[in-house]
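Number of protein chains: 2
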Amino acid sequence: MKLPVSTEWVLHCATTLAQLEPGTSASTTQLALYFDLPVPYLAKQLKALVKAGLLSASTGPRGGFRLARAAAEITLLQVVEAVDGTSSPYECREIRQQGRGALPPEECRAPCVLAVKMAEAHQAWRRTLAATTLADILTGIPPTAPARTRHRLTTLT
Amino acid sequence: MKLPVSTEWVLHCATTLAQLEPGTSASTTQLALYFDLPVPYLAKQLKALVKAGLLSASTGPRGGFRLARAAAEITLLQVVEAVDGTSSPYECREIRQQGRGALPPEECRAPCVLAVKMAEAHQAWRRTLAATTLADILTGIPPTAPARTRHRLTTLT
Numbered sequence: 005m006k007l008p009v010s011t012e013w014v015l016h017c018a019t020t021l022a023q024l025e026p027g028t029s030a031s032t033t034q035l036a037l038y039f040d041l042p043v044p045y046l047a048k049q050l051k052a053l054v055k056a057g058l059l060s061a062s063t064g065p066r067g068g069f070r071l072a073r074a075a076a077e078i079t080l081l082q083v084v085e086a087v088d089g090t091s092s093p094y095e096c097r098e099i100r101q102q103g104r105g106a107l108p109p110e111e112c113r114a115p116c117v118l119a120v121k122m123a124e125a126h127q128a129w130r131r132t133l134a135a136t137t138l139a140d141i142l143t144g145i146p147p148t149a150p151a152r153t154r155h156r157l158t159t160l161t
Numbered sequence: 005m006k007l008p009v010s011t012e013w014v015l016h017c018a019t020t021l022a023q024l025e026p027g028t029s030a031s032t033t034q035l036a037l038y039f040d041l042p043v044p045y046l047a048k049q050l051k052a053l054v055k056a057g058l059l060s061a062s063t064g065p066r067g068g069f070r071l072a073r074a075a076a077e078i079t080l081l082q083v084v085e086a087v088d089g090t091s092s093p094y095e096c097r098e099i100r101q102q103g104r105g106a107l108p109p110e111e112c113r114a115p116c117v118l119a120v121k122m123a124e125a126h127q128a129w130r131r132t133l134a135a136t137t138l139a140d141i142l143t144g145i146p147p148t149a150p151a152r153t154r155h156r157l158t159t160l161t
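Note that the protein sequences, when read in sequence, are chains V and Y.
Following the numbering used here, the numbering of the first sequence begins with 5 at its first residue and continues without gaps.
Following the numbering used here, the numbering of the second sequence begins with 5 at its first residue and continues without gaps.
The reader is advised that the hints may include incorrect statements.
Below, a list of computed lysine-lysine pairs in the BS3-like style, where the Cα atoms sit at most 27 angstroms apart [said to hold, decoys possible]: (1) V:Lys55 x Y:Lys55; (2) Y:Lys48 x V:Lys121; (3) Y:Lys48 x V:Lys6; (4) Y:Lys6 x V:Lys51; (5) Y:Lys6 x V:Lys121; (6) V:Lys55 x Y:Lys6; (7) Y:Lys51 x V:Lys51.
For the record, the hints were derived by calculation from the structure and aren't laboratory data.
In isolation and in its complexed conformation, chain V is listed as follows (with noise of 0.2 angstroms):
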């Protein structure tokens, strides 16, 4: 199983905009050339940030991206599923109900006990990420960071 490779690119972009100053944002293009991204592909993803409430896109010559929401507000789940789904990786096509050894349907109206652990393997997966926001990924990056990342960013064109 494999997440899509924008799932890096937004998790970056977003703390990245989690570093701005409050009303200011960054377009498309400085997100692409900060992290040498193509362009078109970044601003599907980005779109799709939009689209899931976690940024908010502005027109106009200083437009742009910034977060929707406060950063401690916007949990890695939110990013990574804004991209990927919500799904299960395992699909259960109840193969136990199929073929020779098919199970009367009186025997499966509890789902099937396979398909349950995998679906809480998935929440347990899902939990970690729920449980960390942008807000607790800036507590580990270096303090001079953000002062860096914002200069760096907003002079881009």
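Please build the complex by placing chain Y on the supplied structure of chain V, with the hints as guidance.
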């Protein structure tokens, strides 16, 4: 992120083999008929379980597959990773070190905090699946199921 469709197959096949009497086996054809699965692709998955040391294969008219060790010593994680590998779904390509915002190498001696969190989530997923064995799964099926499974499976030709 998606696990291969065969993940459900191998989980069910391993659970089914865990219900056989000691010393008995089931062939690829029997398992394929039991769940209505394509023989060649299922054969490939069963080989992966043998390679991972979870199943033993024997040849001859009564040959086939059986668990290579006790059901209490085979975890769901081992079965899943036998067909999908152990790597994390998140791929860190170190975009923090590329582009105009590239961090200097001295600030990248520690792993990226985002990659660390994504790895923690993967470990939480793995821990959940490592905590459940095939023997645990058997406790969740109807008490009459194993005898029926054995009868149905071993009479398939």
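So, going through the hints one by one against the coordinates:
no. : hint               : in the structure
1   : V:Lys55 x Y:Lys55  : 45 angstroms, violated
2   : Y:Lys48 x V:Lys121 : 24 angstroms, holds
3   : Y:Lys48 x V:Lys6   : 21 angstroms, holds
4   : Y:Lys6 x V:Lys51   : 23 angstroms, holds
5   : Y:Lys6 x V:Lys121  : 16 angstroms, holds
6   : V:Lys55 x Y:Lys6   : 23 angstroms, holds
7   : Y:Lys51 x V:Lys51  : 44 angstroms, violated
Going down the numbered hints, you'll see the structure goes against 1 and 7, while the others check out.
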